Amino acid sequence: MSDIRQLYQRIIIDHANYPHHYGKLACPDFVRTCRNPDCGDTITVFVSIDTDCFNELNFVGDGCAISQASASIMTDTLIDKTVAEATQLIQEFQKLLLGQHITTGDLGDSVVFGKLKQFPTRVRCGALAWHAVSDVIEEWGKRSGQQINFSK
Amino acid sequence: MTIYNHLAYLDNASTTPVPQHVVDVIDHYYHCEKVNVHRGMYKLANVVTQQYEGVRQKVAKFINADDKNQIVFTSGTTDSLNMVAFGYALSHLQPDDEMIVSVLEHHSNLVPWQQVAAKSGGRLRIVKVDGKGHLDQKQLTKMINRHTKVVSLAMVSNVLGTYTDMRPIAQKAHEIGAVLVVDAAQAVAHMPIDVQKMNVDFVAFSGHKMFGPTGVGVLYGKSELLEEMNPVRFGGEMIDQVTSRSATFQPAPLKFEAGTPNIAGVLGLGAAIDYINGIGYPSIMGTDHLLVERLMSELNGLKFVTIYGSPSADDHKAVVSFNVEGIHAHDIATILDSVGVAVRAGHHCAHPLMDFLRTESVVRASVSFQNTIKEIDQLVVGIQKAREIFK
Numbered sequence: 001m002s003d004i005r006q007l008y009q010r011i012i013i014d015h016a017n018y019p020h021h022y023g024k025l026a027c028p029d030f031v032r033t034c035r036n037p038d039c040g041d042t043i044t045v046f047v048s049i050d051t052d053c054f055n056e057l058n059f060v061g062d063g064c065a066i067s068q069a070s071a072s073i074m075t076d077t078l079i080d081k082t083v084a085e086a087t088q089l090i091q092e093f094q095k096l097l098l099g100q101h102i103t104t105g106d107l108g109d110s111v112v113f114g115k116l117k118q119f120p121t122r123v124r125c126g127a128l129a130w131h132a133v134s135d136v137i138e139e140w141g142k143r144s145g146q147q148i149n150f151s152k
Numbered sequence: 001m002t003i004y005n006h007l008a009y010l011d012n013a014s015t016t017p018v019p020q021h022v023v024d025v026i027d028h029y030y031h032c033e034k035v036n037v038h039r040g041m042y043k044l045a046n047v048v049t050q051q052y053e054g055v056r057q058k059v060a061k062f063i064n065a066d067d068k069n070q071i072v073f074t075s076g077t078t079d080s081l082n083m084v085a086f087g088y089a090l091s092h093l094q095p096d097d098e099m100i101v102s103v104l105e106h107h108s109n110l111v112p113w114q115q116v117a118a119k120s121g122g123r124l125r126i127v128k129v130d131g132k133g134h135l136d137q138k139q140l141t142k143m144i145n146r147h148t149k150v151v152s153l154a155m156v157s158n159v160l161g162t163y164t165d166m167r168p169i170a171q172k173a174h175e176i177g178a179v180l181v182v183d184a185a186q187a188v189a190h191m192p193i194d195v196q197k198m199n200v201d202f203v204a205f206s207g208h209k210m211f212g213p214t215g216v217g218v219l220y221g222k223s224e225l226l227e228e229m230n231p232v233r234f235g236g237e238m239i240d241q242v243t244s245r246s247a248t249f250q251p252a253p254l255k256f257e258a259g260t261p262n263i264a265g266v267l268g269l270g271a272a273i274d275y276i277n278g279i280g281y282p283s284i285m286g287t288d289h290l291l292v293e294r295l296m297s298e299l300n301g302l303k304f305v306t307i308y309g310s311p312s313a314d315d316h317k318a319v320v321s322f323n324v325e326g327i328h329a330h331d332i333a334t335i336l337d338s339v340g341v342a343v344r345a346g347h348h349c350a351h352p353l354m355d356f357l358r359t360e361s362v363v364r365a366s367v368s369f370q371n372t373i374k375e376i377d378q379l380v381v382g383i384q385k386a387r388e389i390f391k
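Chain order of the listed sequences is F and D.
Using full-length UniProt numbering, you'd call the opening residue of the first sequence number 1 and step up by one each time.
Using full-length UniProt numbering, you'd call the opening residue of the second sequence number 1 and step up by one each time.
To be clear, the hints were calculated from the coordinates, so they are not data collected in a lab.
From a predicted model like this one, the values you see are computed outputs, not experimental measurements.
Ideal Cβ placement from N, Cα and C applies to all residues, glycine included.
A couple of the hints might just be wrong.
Stated by the list, open to error - Derived Cβ-Cβ restraints for the label pairs, each shown as a range: (1) 355(D) - 14(F): 52 to 60 Å; (2) 17(D) - 151(F): 36 to 44 Å; (3) 245(D) - 38(F): 53 to 61 Å; (4) 33(F) - 118(D): 19 to 27 Å.
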């Protein structure tokens, strides 16, 4: 049995209890809700992309500490990143969840979710907010005439 | 009994462990007797057919049905309820007719009726429960009217553990010519089911929630209703005569059992019934109650725990759902897992009930008579640990 504190690290509990960038944006360019039908966790992301930069990224949601903390830490990680950078980080985060080696150090505190691979029933919780943002990037791509597809 | 590596298994409402005897019966079938039923001129085919039909008789006796032909083998409760919905209700419902279910139904006793309502133009009405999780009998009495054709209710709630006495409801339904369908999935491992005493029209339950294998279940129906009911699956085994343009069907129950049935599952179900009969319901119910009483008294002592439904252990038939203040149900379940306790967390296939309870998800601990007080105490240790982690 993996030590449960590997999963519920202080930083995750703190973000779950006091999430960053929580709340709707007044005039977002993109709104996307993702739901995990197995457990009912919900994350809605509100995104403003100026030219190709994540100017603002907020979220609201209901669910477990993992899904909510992951969303909160993700906002810290992705704000001010370009779409290209965010795209790469999303792919890195996907690799992290699969337990694969990652190359960039730009995931910031999100690397804490590398421990999720030891708790396979909770991987989807950690991935939820990132799925929502990857959908937003795909939509941004459509609007700006570029095809961006994430493997999901 | 199935061994879970010292896991305190408190997810029996999801599925129960199987005793060795059930595994042995299934194993014997596959190793020594793997032939088909209802066909084959060789002796072994006849032996297995006798065993298979013997389980039908055993099920009939188990739920006090007066005729073994009232017992249809299905793949489980969901399958049984779908059969009644699409084989019986759909052909009996006119636009403006009504069906009634309760807010605490499992999706398997809700979604099929939604579909029937959509296809028939009939209306699905939802009866509420009171603060303790008991069906609102007054509302139900008012709701049953001359348009009502089907009332379908859980005997025991899979979330709140509340029990509903079907006898008075059957009487009310029958007065206006409606049928009463009972989802007994959550009841069957914990209390005797007497279809004649309840005087209900259809009863559905699963083998895997009563110490049997997965993939097998039962639909009981009164003889005249099964005769009226249409098969929803067609093919081999269920036919009487077939021409290239048309077919006639076997009488019930065989007309509902198209294709090669789950023979191993049915034999395993028979073994599970033997197992339950060997222990006896009085003993099962006594142990269930002791476990639930301990669980309720421990949880009631924790002021940061909210128990859903009745505060009384008597009202929780082997199931207790709760939440811990400030900690999501999934986090509780994961932390309980880390101390070797298996519970379920989530919406428990009962979204309307979650809305009614004004929550997204709950932690559910569900016992069987095989659990121990020590396992209940381990759950309480896990909750305290969760509080520590989330401090």
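Here is how each hint holds up against the structure:
1. 355(D) - 14(F): 52 to 60 Å: violated, 31 Å
2. 17(D) - 151(F): 36 to 44 Å: holds, 39 Å
3. 245(D) - 38(F): 53 to 61 Å: violated, 46 Å
4. 33(F) - 118(D): 19 to 27 Å: For residue 118(D) against residue 33(F), whose Cβ atoms are near 25 Å apart, the range 19 to 27 Å holds.
Of the numbered hints stated above, those contradicted by the structure are hints 1 and 3, listed in ascending order.
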